[in-house]
Amino acid sequence: AQSVTQLDSQVPVFEEAPVELRCNYSSSVSVYLFWYVQYPNQGLQLLLKYLSGSTLVESINGFEAEFNKSQTSFHLRKPSVHISDTAEYFCAVSGKNGNKLVFGAGTILRVKS
Amino acid sequence: GAGVSQSPSNKVTEKGKDVELRCDPISGHTALYWYRQRLGQGLEFLIYFQGNSAPDKSGLPSDRFSAERTGESVSTLTIQRTQQEDSAVYLCASSAQGLGYTFGSGTRLTVV
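Just so you know, the protein sequences line up as chains C and V, in that order. Once you know that position 74 of the first sequence is 74 in the working numbering, the rest is easy, because the numbers rise by one and skip nothing. Once you know that position 35 of the second sequence is 35 in the working numbering, the rest is easy, because the numbers rise by one and skip nothing.
For the record, the hints were derived by calculation from the structure and aren't laboratory data. Among the hints, a few may not be true.
Away from chain C, derived, C-beta distances all over 10 angstroms, residues of chain V [unchecked claim]:
{"id": "1", "residue": "Ala-2"}
{"id": "2", "residue": "Asn-10"}
{"id": "3", "residue": "Val-19"}
{"id": "4", "residue": "Leu-21"}
{"id": "5", "residue": "Leu-39"}
{"id": "6", "residue": "Asp-63"}
{"id": "7", "residue": "Glu-68"}
{"id": "8", "residue": "Gln-84"}
{"id": "9", "residue": "Leu-91"}
{"id": "10", "residue": "Thr-102"}
{"id": "11", "residue": "Gly-106"}
No more than 30 angstroms apart at the CA atoms, straight line, and that leaves these computed lysine-lysine pairs for DSSO-like [stated by the list, open to error]:
{"id": "12", "chain 1": "V", "residue 1": "Lys-57", "chain 2": "C", "residue 2": "Lys-96"}
{"id": "13", "chain 1": "C", "residue 1": "Lys-49", "chain 2": "C", "residue 2": "Lys-96"}
{"id": "14", "chain 1": "V", "residue 1": "Lys-57", "chain 2": "C", "residue 2": "Lys-49"}
{"id": "15", "chain 1": "V", "residue 1": "Lys-15", "chain 2": "V", "residue 2": "Lys-57"}
Just a few of them, taken from the derived set where beta-carbon distance is under 10 angstroms, the chain V residues facing chain C [unchecked claim]:
{"id": "16", "residue": "Val-4"}
{"id": "17", "residue": "Gln-41"}
{"id": "18", "residue": "Glu-44"}
{"id": "19", "residue": "Ala-93"}
{"id": "20", "residue": "Ser-95"}
{"id": "21", "residue": "Tyr-101"}
{"id": "22", "residue": "Gly-104"}
Values in this document were obtained by computation on a predicted structure and should not be read as measured data. Idealized CB from N, CA, C, for every residue including glycine.
Full structure from sequences and hints, please.
This is the structure:
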């Protein structure tokens, strides 16, 4: 079975500042890793995913995450945030044996001007 | 269809009534999932269908909850004798071989 820990429930940050949202997972098998974003009053959207290959994955809106197997982490980073990045971000993991997607509790990113 | 479709988008029901929520997955997606998101909380896994295999029901919170799926198409989640703690957004997702889950917009259930 898998589990996910998102260490910060809320992260306030000023516009144009860098941000890191932390995610750690545990699993007895190899994993796929995902970050989802939920904007206010909207549904969940896939932001980026790690399936295999390069451990650094990027999204189209400037976010990136790095799979660190030794630290069992998949932290999400952005060098310069915008007001529009205000949302709740969920880290998720599934085993490569194809079972269910397990979510963390979520981190609310609040970008202030 | 182009995305995962859920209906109704909103449902208000009286305590004790039964409700049925519907999910139309993306055509060709063999896997279908139901999750629950209570206000201010993360996503709670409910049930997982994969092709013709027996569903993983390990997340269903009580025997008042059940779900069915016809082949690789529509799924319905039924909650019997609803309670106020059942109030939440119920999310459906589908995927092809577990890679890249697409979520529907959810059904917001309010039990009064």
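Status of the hints after comparison with the structure:
| no. | hint | result |
| --- | --- | --- |
| 1 | Ala-2 | holds, 14 angstroms |
| 2 | Asn-10 | holds, 12 angstroms |
| 3 | Val-19 | holds, 20 angstroms |
| 4 | Leu-21 | holds, 15 angstroms |
| 5 | Leu-39 | holds, 12 angstroms |
| 6 | Asp-63 | holds, 20 angstroms |
| 7 | Glu-68 | holds, 18 angstroms |
| 8 | Gln-84 | holds, 22 angstroms |
| 9 | Leu-91 | violated, 7 angstroms |
| 10 | Thr-102 | violated, 7 angstroms |
| 11 | Gly-106 | violated, 6 angstroms |
| 12 | V/Lys-57 to C/Lys-96 | holds, 19 angstroms |
| 13 | C/Lys-49 to C/Lys-96 | holds, 13 angstroms |
| 14 | V/Lys-57 to C/Lys-49 | holds, 26 angstroms |
| 15 | V/Lys-15 to V/Lys-57 | holds, 24 angstroms |
| 16 | Val-4 | holds, 9 angstroms |
| 17 | Gln-41 | holds, 7 angstroms |
| 18 | Glu-44 | holds, 8 angstroms |
| 19 | Ala-93 | holds, 7 angstroms |
| 20 | Ser-95 | holds, 8 angstroms |
| 21 | Tyr-101 | holds, 6 angstroms |
| 22 | Gly-104 | holds, 7 angstroms |
Hint violations for this structure: numbers 9, 10, 11, all remaining hints satisfied.
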